[in-house]
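J.: Numbered according to our numbering, the sequence shown spans residues 99 to 248.
Note that these hints are calculated values from the structure, not bench results. Take the hints with a grain of salt, since some may be wrong.
Restraint-style ranges between C-beta atoms, simulated for each label pair [claimed, not checked]:
{"id": "1", "residue 1": "E166", "residue 2": "L188", "range": "53 to 61 angstroms"}
{"id": "2", "residue 1": "N180", "residue 2": "V144", "range": "30 to 38 angstroms"}
{"id": "3", "residue 1": "E163", "residue 2": "S197", "range": "45 to 53 angstroms"}
{"id": "4", "residue 1": "G127", "residue 2": "L167", "range": "51 to 59 angstroms"}
{"id": "5", "residue 1": "S164", "residue 2": "L132", "range": "24 to 32 angstroms"}
We put the beta carbon where it would ideally sit given N, CA and C, even for glycine.
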Amino acid sequence: MLPIVPENSVVTTWQQPVAIPQQLSYRPGLVDWLTRELYIAQTGMVHLRTVNQQLQQDAICRRQESEELRARHWEVAEHNVNLLGQNSRLKEQLRAARSKRIGVKVRRQGEGSSLSTSTGSGASSTVCEAGVDGIREEGDVKQEPNAPPA
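Please model the complete structure; the sequences and the hints are all you need to start from.
T.: Dropping the structure here:
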């Protein structure tokens, strides 16, 4: 227990003197074991610091690569959008060209559907005839073996 100090007095000693034993007794080899453990812990800490620095550098490199890949991805995405628009325009042009070509064929068919040629054997050939499944081009020739000569 600490001695009681009056309020107006000056304290010169805070603690009572502690008796220090002259020689501490350790188990044999304890100091050596603690020294080894301390060395292992210190080398482990150095290793962890080195690994931490390497991982931070890797993270920085990965972040930069990721940003570059994102930028490249957006470039490719924009290019794909442009190609899709171009593809749509080309499809529309192709549809327009086909419908124009079909319109020309229909006009030709209207003008030349009655055009027939006689052959010497009595069979007739008709050029540009409309079939059930669409328009036949001018190379198609239909033989009518039972038709009367024109």
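J.: Just pull the numbers of the violated hints for me, sorted ascending.
T.: 1, 2, 5
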